[in-house]
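What follows is each chain in one-letter form.
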Amino acid sequence: MSEAQENARELKSYFIGYGLALVLSIVPFALVIWGGLATSTTLSIIAGFALVQIVVHCRFFLHIDLSEQKREDLQLILFSALLFTLMAGGTIWIMFNLHMRMM
Amino acid sequence: MSAEARKHPGINLGTAHAEAHDAAEVVVFGFWVFLMSDLVLFGLLFATYVVMLGATAGGPGPKELFDIKSAGTETFILLTSSFTFGMASLALKYGRHPLRLQFWLAVTLILGLIFLGFEIHDFIAMFERNAGPSRSGFLSAFFALVPTHGLHVTAGSIWIAVMMVQVVVFGVDTPVKTRILRLGLFWHFLDIVWVGIFSVVYLAGLAR
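Which chain is which? The protein sequence lines are Y and A, in order.
First residue of the first sequence? That's 1 in the numbering used here, and the numbers climb one at a time after it.
First residue of the second sequence? That's 1 in the numbering used here, and the numbers climb one at a time after it.
In short, the hints are calculated from the structure, not lab data.
Be aware that one or more of the hints could be misleading.
[Unchecked claim] Rough simulated footprint, nothing fancy, chain Y against chain A, three-plus residues with beta-carbon under 8 Å:
| # | region |
| --- | --- |
| 1 | 46-53 |
| 2 | 87-98 |
| 3 | 131-139 |
| 4 | 192-198 |
[Said to hold, decoys possible] Calculated cross-link-like contacts (lysine-lysine; reagent style DSS-like; alpha-carbon spacing at most 27 Å):
| # | chain 1 | residue 1 | chain 2 | residue 2 |
| --- | --- | --- | --- | --- |
| 5 | A | 7 | Y | 12 |
| 6 | A | 69 | A | 177 |
| 7 | Y | 12 | A | 177 |
Here the structure is a predicted model, which is why all the values come from computation and not from measurement.
Where is the CB? At the ideal position from N, CA and C, for every residue including glycine.
Kindly generate the complete structure, drawing on both the sequences and the hints.
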């Protein structure tokens with residue numbers, strides 16, 4: 001692939017990422033502004049859109065993908081994501097469980 | 001770019017920048033280690049915030065304090081700055097005139113500063129309503145989480161300004177190229193943290 005084609009392809013990828021990220025931000029903001037849905041539904045939609053938007057940012061801005069590349073980097077990122085989930089999720093789980101038992 | 005040319009996550013300079021592309025492999029990996037330790041830091045601040053959500057001690061909660069218009073504007077500005085940094089990365093990678101790189105870095109810097117302006121305005125409005133960090137556990141956790149992100153954006157903005165000076169002083173040489181690569185990762189990473197902040201703090205806070 002020539003350099004100009006490569007440039008055009010990467011430029012397009014940034015535009016796609018920006019467009020997707022905008023839509024994924026605007027929808028939950030609009031839901032909260034206009035309301036109408038049950039709180040639990042709104043919260044689930046916010047969480048779902050946030051997770052998808054994080055994947056979009058990783059894919060289109062940070063260029064993390066599953067293609068052939070240095071495996072250590074991908075393992076580092078995946079292991080950190082696991083640590084993040086265990087520490088944040090575990091803390092919240094334990095503290096809310098404790099809170100319920102103390103009521 | 002062929003598959004074997006990719007040396008690290010993040011935009012790869014490719015074989016046209018052979019020296020910088022090889023040098024980037026090690027330093028970018030090191031920078032990812034830093035970013036992931038930063039991720040753990042933010043993870044614990046998020047966990048603390050969620051646990052402290054109910055601890056308002058009779059003081060104001062998310063509904064009284066947060067302004068969705070301001071949060072939306074900040075989100076739009078930071079997201080756009082991530083995109084403009086992408087344009088700077090492409091200007092670097094495809095060896096355009098350094099002025100093009102400088103232009104996109106400058107746009108990103110200005111957007112970063114506007115973001116900080118909005119954020120500081122929000123914090124001042126909260127202090128004026130007697131909702132500082134010492135008011136309640138909830139507000140302590142809020143002021144631990146959100147300004148930590150703001151401090152990172154401040155550091156990123158200083159870093160952009162330093163790189164713009166380095167491009168003028170040293171030209172676009174190998175160390176400058178790999179520094180801009182790492183700065184890009186830092187800037188995009190901060191935008192991901194902000195996705196967490198606007199979802200968990202602002203939207204979830206105002207939705208209940």
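Status of the hints after comparison with the structure:
Here the region 46-53 of chain A counts 5 residues with a CB under 8 Å from a CB of chain Y, which clears the bar of 3, and the coverage holds. Counting residues of the region 87-98 of chain A whose C-beta lies closer than 8 Å to any C-beta of chain Y gives 4; at least three are required, and the coverage claim holds. Counting residues of the region 131-139 of chain A whose CB lies closer than 8 Å to any CB of chain Y gives 0, which falls below the minimum of 3, so the coverage claim is violated. Coverage of a stretch by a chain is defined here by at least three residues with a beta carbon nearer than 8 Å to that chain's beta carbons; for the region 192-198 of chain A and chain Y the count is 4, and the condition holds.
Distance check on the hinted pair: residue 7 of chain A and residue 12 of chain Y sit about 22 Å apart at the alpha-carbon level, within 27 Å; holds. Of the pairs offered as hints, the one joining residue 69 of chain A and residue 177 of chain A is violated, with about 37 Å between alpha carbons and a cut-off of 27 Å exceeded. With a C-alpha separation of about 22 Å, the suggested pairing of residue 12 of chain Y with residue 177 of chain A holds against the 27 Å cut-off.
Violated hints, in rising order: 3 and 6; the structure is consistent with all others.
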